[in-house]
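Undergrad: Numbered per the numbering used here, the sequence shown finishes at 79, counting up by one with no gaps.
These are computed hints drawn from the structure, not numbers from a lab. Where a beta carbon is used, it is the ideal one built from N, C-alpha and C, also for glycine. Any given hint could be a false lead.
[Claimed, not checked] Pair ranges (Cβ atoms, derived):
1. V53 to E73: 32 to 42 Å
2. E73 to P41: 15 to 25 Å
3. E10 to P61: 37 to 47 Å
4. T48 to E73: 30 to 40 Å
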Amino acid sequence: MTAIDCIEHITQAGERWDTLAWRYYGDPLAYGRIIAANPALDISATLPSGVVVLVPVLPLTESSQALQDEELPPWKR
3 MTAIDCIEHI
13 TQAGERWDTL
23 AWRYYGDPLA
33 YGRIIAANPA
43 LDISATLPSG
53 VVVLVPVLPL
63 TESSQALQDE
73 ELPPWKR
């Protein structure tokens, strides 16, 4: 099994799984990935303050990489 690249997020009062998914992925329904990366954390309505949550980094798809390249000036592509 390969290691997954993750960002460490320290929770603040009132944060939820779906708000983390919205913040990092732009999709509140993508919280399943975050929950799966944190099997030791309880699945509750709100997360306790000060907890380290691992947020998996999503790989760039070819289309998102192409969009990113289009936004760069030619000398940075």
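Undergrad: Taking the hints in turn, state whether each one holds.
TA: Here's how the hints hold up against the structure:
Hint check: V53 to E73, Cβ distance near 35 Å, so the stated range 32 to 42 Å holds. Restraint check, E73 to P41: a C-beta distance of roughly 37 Å breaks the suggested window 15 to 25 Å. The beta-carbon spacing between E10 and P61, approximately 19 Å, falls outside the hinted interval of 37 to 47 Å. Under the hint 30 to 40 Å, the C-beta atoms of T48 and E73, about 36 Å apart, fit the expected range.
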